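Add chain B to chain A, keeping to what the hints say.
Here the protein sequences come in this chain order: A and B. Residues in the first sequence are numbered from 1 upward in steps of one, following the working numbering. Residues in the second sequence are numbered from 1001 upward in steps of one, following the working numbering.
Only true hints are included.
A short list of chain A residues far from chain B (calculated; beta carbon distances all over 12 Å):
#, residue
1, VAL51
2, ALA102
3, THR134
4, GLU138
5, ARG247
6, SER340
7, ARG363
8, GLU366
9, HIS369
Pairs of lysine-lysine, DSS-like flavour, derived with a Cα cap of 25 Å:
#, chain 1, residue 1, chain 2, residue 2
10, B, LYS1180, A, LYS180
11, B, LYS1104, A, LYS180
12, A, LYS104, B, LYS1180
13, B, LYS1104, B, LYS1180
14, A, LYS104, B, LYS1104
15, A, LYS180, A, LYS104
The set of hints was computed from the structure by calculation and includes no laboratory data. Everything numeric in this text was worked out from a predicted model, so none of it was measured. Every residue, glycine too, gets a C-beta built ideally from N, C-alpha and C.
Protein chains: 2
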Amino acid sequence: MHLDSRHPLASGLTHDSRLVRAYRGDRPDVTPVWFMRQAGRSLPEYRALRVGTAMLDACLNPGMASEITLQPVRRHKVDAAVFFSDIVVPLRLVGVDVEIVAGKGPVMGEAIRSNDDLDRLLALDPAVLDERLTAVTEAVAQTVAGLRRIPGIDGATPLVGFAGAPFTLAAYLVEGGPSKDHLRARALMHSDPLAWSRLMAWTADVTGRFLRAQVLAGASAAQLFDSWAGDLSLTDYSEHVAPASARALEYVKDLGYERGGESHSVPIVHFGVGTGELLAAMHGVGADTVGVDYRIPLDEAERRLGGGVPLQGNIDPAQLAAPWEVLERHVLDVLARGASAPSHVLNLGHGVPPDTDPEVLTRIVELVHAR
Amino acid sequence: MHLDSRHPLASGLTHDSRLVRAYRGDRPDVTPVWFMRQAGRSLPEYRALRVGTAMLDACLNPGMASEITLQPVRRHKVDAAVFFSDIVVPLRLVGVDVEIVAGKGPVMGEAIRSNDDLDRLLALDPAVLDERLTAVTEAVAQTVAGLRRIPGIDGATPLVGFAGAPFTLAAYLVEGGPSKDHLRARALMHSDPLAWSRLMAWTADVTGRFLRAQVLAGASAAQLFDSWAGDLSLTDYSEHVAPASARALEYVKDLGYERGGESHSVPIVHFGVGTGELLAAMHGVGADTVGVDYRIPLDEAERRLGGGVPLQGNIDPAQLAAPWEVLERHVLDVLARGASAPSHVLNLGHGVPPDTDPEVLTRIVELVHAR
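So that you can see chain A by itself, here it is in the shape it has in the complex (with noise of 0.2 Å):
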């Protein structure tokens, strides 16, 4: 399906831009860079804003979506913006008792714990979505227009939708919320193996109907983010895993646009935590770009996936609280490192931190900049 003539991809405003020049495996002049959760907890005015406001109603309230996934690009002059969201919002809007509470993260009213809860689950439809999603693709489109108002930055710079994988949803389902080891979750994989994969075809068309939402809406890029995949084992996520997050992709993967007389599609981003072992198939479930956790230097992640695949990443976040001649050590590193994939994004190897000096991010971007 083609893109509306007026998105930021198909207009030709973003097309070119420093980030979807690299997703598209292009080096441009200067490496892109964005920090994952740059939007939030790290930032003073996000939690003045977030006063008062429990945070999935500040993800389903327009106005403070948009407000607070721009905050980071006027303070930091990131080169993309990544929308304000949470991987539960579309868990929240199909009908799914969720909240998140602060410090611990999302917990669910009920877990999946027969093939009782399951059903009640799978009776949700996931086509709903389509309807209860205008509070997100109105934060995307208020995103997208008040990015070409900042000042200081060329009015290009893309925003980046963001979902969850199907896994880390279904872990947070089975597991009733946050788990050290998602050990019910693997569990059910392999003793139903059946009510699992119907369980992650849900939860792929929940997600994918939220990334592609986001698409629609505005975005120039999708990132599926899947928290919890490094708990498995290769052979678990090929054989359990990868289908569903192929499947979620697919919402997205359609969705292309003409530029110079060539078709182009939406670039994906595929992240996982811990993932150094999957990276090849992470790539294989669909993804252009592949997100590297810091555990992994980027010329390794670069031979895992045979060469040829551009790679976001991956400061370690642990890293950010060094005195700033040892960050840069590390940053010009991680640099050095991704000189050797075909073209390479800078961010995090997992989220900011939330006591994080907004200022040593705002220093990394200028760091990248100028060289």
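Showing chain B alone in chain A's frame:
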């Protein structure tokens, strides 16, 4: 230093047990099997015994710790007892304010947040442990005696001693308790490497003395457990962690004995969760046998270790809840892959989950012993 001639290894009692032979790199007739965390929470007889006793009090009660250690040997007929203790026991004994909170883990009265905090900690002299570990050495002695009285086993079942690795202890001390990503600990190693190495040397001395005491009192092998090493890149592990792990193992490495005219050292096993990237480095700190997490197949671990290293592992705990046919296939697959190593001790690729049906563990032991 030579072990006492009455030590189970030196007297010959356990020297030719399946476990010790496999740890030496021999292949006994039957693959030895034991389970990490076999002593404890999954057994009803354990839960009955523990009623009204706090975790660390149970660890420091020789009769109770010894009885808990023996329970799974009686029940499952495993090829090793593993000492019931906790990695923070030596911290408590050296004077650190630490408690184990049920469902959470070790919680420190005070986290290390400043150089003053660190100085206060380092003022506690690890050498005092040699006199404060009597409850531990008494429990070990009672266990060794108790193993000879269990009907249906041959009396030569060895006891495996157990201690936490310096990084895991340091992570708890810096974080103040369990943490998802150990960001404060990992930040300290980059922001103040000198403070970090002082802390690591201290934890190495504390936990090394704890492990040594268990071996001197009668343990026939020593397992160093690095719960959180999997959070580290290979570079950080090698630079900021491995030296301290090697230092901890120095406390055991000089303990030896003579059998059949040959000198032998006490077998050392090193295991960490999610450490597929670190296997060779973890072997390099002085381990004889490397424990492998469930994420990496044993034949791949063998390849990464360059061959020649005895392996321990790696049944996925998530498979313990699967139907027997599924679990049996998985166990046989683990055994087949373990055949690529010079020798193999069957174990889990992480601890026994609390809600495991103990009969499943017994059935695994029967399956392995019947082959």
